[in-house]
Amino acid sequence: MQNKTADFEVTLRPETSWLQLELKGIWQYRDLLSLLVWRDFVAKYKQTILGPLWFIIQPLMMSIVFTVIFGRVANIPTDGLPPMLFYLCGQLGWNYFAQNFNSNSATLVNNAGLFSKVYFPRLVVPLANLISNLLTFFIQAVTFLAFYVYFKASHQGQFAMNWHVVFLPLFVLQSAALSLGLGLFMSALTSKYRDLVHLSGFLIQIWMYATPVIIPLSKFPEKWRWLVALNPMTSIVESFRYMLLGVGTVEPLYMAFSVVFTVVILIVGLLLFGKVEKTFVDTV
Amino acid sequence: MSRPAIEVHNVSKVYQLGSIGATSLKDECGRFWDRLRGREVARPKSEFAALRDVSFEVQPGQVIGLIGRNGAGKSTLLKILSRVTQQTTGEITLRGRVGSLLEVGTGFHPDLSGRENVFLNGAILGMSKAEIRSKFDEIVAFAEIEKFIDTPVKRYSSGMYVRLAFAVAAHLEPEILILDEVLAVGDQQFQRKCLGKMQEISEGDGRTILFVSHSMAAIRRLCQKCVVLDQGVSSPMLDIESAIALYTSNLTESEYDLKVADRPRNWGAEGRVCRIKRIRVTSEHLLAFGKPLDIEFTIECTKAVPEAMIGLAFNTLEGTRVLTLDSDVLGKYLHFEPGEYTLKFHLDSLPLHPAYYHCSAALAGGGFFYDIVDPIAIWQVKTSDEDHWSDRGAGGCRLEPSVELTPLHGTV
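Going down the list, the protein sequences come from chains A and B.
Each residue of the first sequence is one higher than the one before, starting from 2 at the first, in this note's numbering.
Each residue of the second sequence is one higher than the one before, starting from 2 at the first, in this note's numbering.
Note that these hints are calculated values from the structure, not bench results.
Be careful, since some hints might not be right.
Calculated cross-link-like contacts (lysine-lysine; reagent style DSSO-like; alpha-carbon spacing at most 27 Å) [said to hold, decoys possible]: (1) B:198 <-> B:226; (2) B:278 <-> B:198; (3) B:148 <-> A:45; (4) A:47 <-> B:198; (5) B:155 <-> B:194; (6) B:304 <-> B:345; (7) B:136 <-> B:198; (8) A:153 <-> A:220; (9) B:130 <-> A:47; (10) B:136 <-> B:148; (11) A:47 <-> B:155; (12) B:130 <-> B:194; (13) B:260 <-> B:226; (14) B:148 <-> B:194; (15) B:155 <-> A:45; (16) B:155 <-> A:25; (17) A:153 <-> A:45; (18) A:25 <-> B:130; (19) B:130 <-> A:45; (20) B:278 <-> B:260; (21) A:25 <-> A:276.
Bound conformation, chain A alone (with noise of 0.2 Å):
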């Protein structure tokens, strides 16, 4: 018995340091965090009857909106893809980010009764929302398969899966990472400052048409690329575009800038809810 008391003595003393966060704790809790992407995506359609059809239906209908309204009434060209495909492929290079974006910037405020009564490590949460913001991931690349195979099958324009494509889940990881480092990031401030929350819930909005999801970048007038570049999305919604349909701007150096702003906003995220976690408690 003592030997095993031994393995769970911890020493709390108020730290003030920047570098505390507890990643053995997370594995410690393994079961909580498969418990909670459950529940997070079980819950969420509970007493409906559609259930999980309801992750398909939203990027569907933003598709159609948009392929209605920017394809036919605006007539926004798109890099010579069938509209209804190049927008759901904008959609599933966007939503994965946007969505773990939406989850994590106001974990600490939205969860704060929970936090206040027990202790498990924070960073669970923010990670239970990435894991089952991906099982969603994954029913909307479906829905894309079925649409391409469908185009492809009626012969609908020039397009095809490029090779690159093994490398898709390479970018869905950077994805996380940057949704994951600047919900943490935000998660931080939030808990202090109210103001952030009502700020990211349309951040995300406007970033959207700040990135090339409607508007492919090779439509950007040239000289202005760079700027619409400094997004680090722009890269990852035009590789995926390029991988799943052959179409589309990759530049290694707009890569190469937005894997290194993800590297650091990540590494910021993190550092930034650790220092924050251990107190917000009295402060949110």
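Assemble chain B onto chain A, guided by the hints.
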């Protein structure tokens, strides 16, 4: 002697008062700027110390109660021990897994069924899925809601909700269990059931329990010792009855420099010939076990007094005399002429067991009392590093006899 399961050393917790947000941002920027410029950093405008220098130790297997008035700092201390928040200063060591029940039904999701919530809540409290599965039937049986286990929790009555929540927590198997007033909910029958379960946990499994409650009956039934919190200050580990007496009484620990000249004298001594005017504890450690005790009395005499003595008495809070210090025990008398005197009272080593005591003083001579001040105050004899066995709980005085050991012939 095994190491303590819980060690709390000089823990303080300070909160900022007022609204957080724009005002605090301005404050923070101001302090950051001060720090950059090397100026002394201004303290924030308003602070509240919820805990001040709290220290105590809990040995493995003990059941310790934590009592105090509302706002004394009990929940804050539990939150810090549960790692929900962090102390401002001080150090805490926990040996063993900690299970905390600060609220009943933490993390229950209203749309999920009882079954699903048992798993969710159990995982939140730190159990693994396998553990929950193996105890699932026990938990449901304890909560007595077999019929409703698959209905969404939002449809439960408050009683069912509380029973289920407590059932999950009661089947946690941490080495250290921390409970915050959870028995306040639920009906009589349920409370009895919970108390029974907790007794089972502590006696049968030998877990360490730290238990906050306002129910003195529950404290008496479950706890072996108790710590009393009063406005953030902790008493030492007391036996149950002293702790409850301290908690329920209206007397609080007084100061150590008292002007007693104008106090009414109640015990027959008029204090006209000789009167104690002021009593001041001047020893470096005030009153601490094993440490020197120094008290300065200011005495005024109106007539000459040939043979007098001064005595200091210590009684427990219930009124039992445990120590009398009389200056004439060895035949030395005091002589007073009319006038004012400072009398320095010294004891090399205070043998009193750490606790709270009623203290009184008396000036006497020739068989009768000149002046009695009773009570002077409630003073706390603190523990000190001379005291290695403060947990023996013997009470009273502790002196050290000299011992000599001689082996008898024929022993190996």
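We went through each hint and held it up to the structure:
no.	hint	verdict
1	B:198 <-> B:226	holds, 19 Å
2	B:278 <-> B:198	violated, 56 Å
3	B:148 <-> A:45	holds, 25 Å
4	A:47 <-> B:198	violated, 35 Å
5	B:155 <-> B:194	holds, 24 Å
6	B:304 <-> B:345	holds, 21 Å
7	B:136 <-> B:198	holds, 15 Å
8	A:153 <-> A:220	holds, 25 Å
9	B:130 <-> A:47	holds, 22 Å
10	B:136 <-> B:148	holds, 17 Å
11	A:47 <-> B:155	holds, 13 Å
12	B:130 <-> B:194	holds, 26 Å
13	B:260 <-> B:226	violated, 35 Å
14	B:148 <-> B:194	holds, 20 Å
15	B:155 <-> A:45	holds, 15 Å
16	B:155 <-> A:25	violated, 35 Å
17	A:153 <-> A:45	violated, 34 Å
18	A:25 <-> B:130	holds, 18 Å
19	B:130 <-> A:45	holds, 22 Å
20	B:278 <-> B:260	holds, 6 Å
21	A:25 <-> A:276	holds, 17 Å
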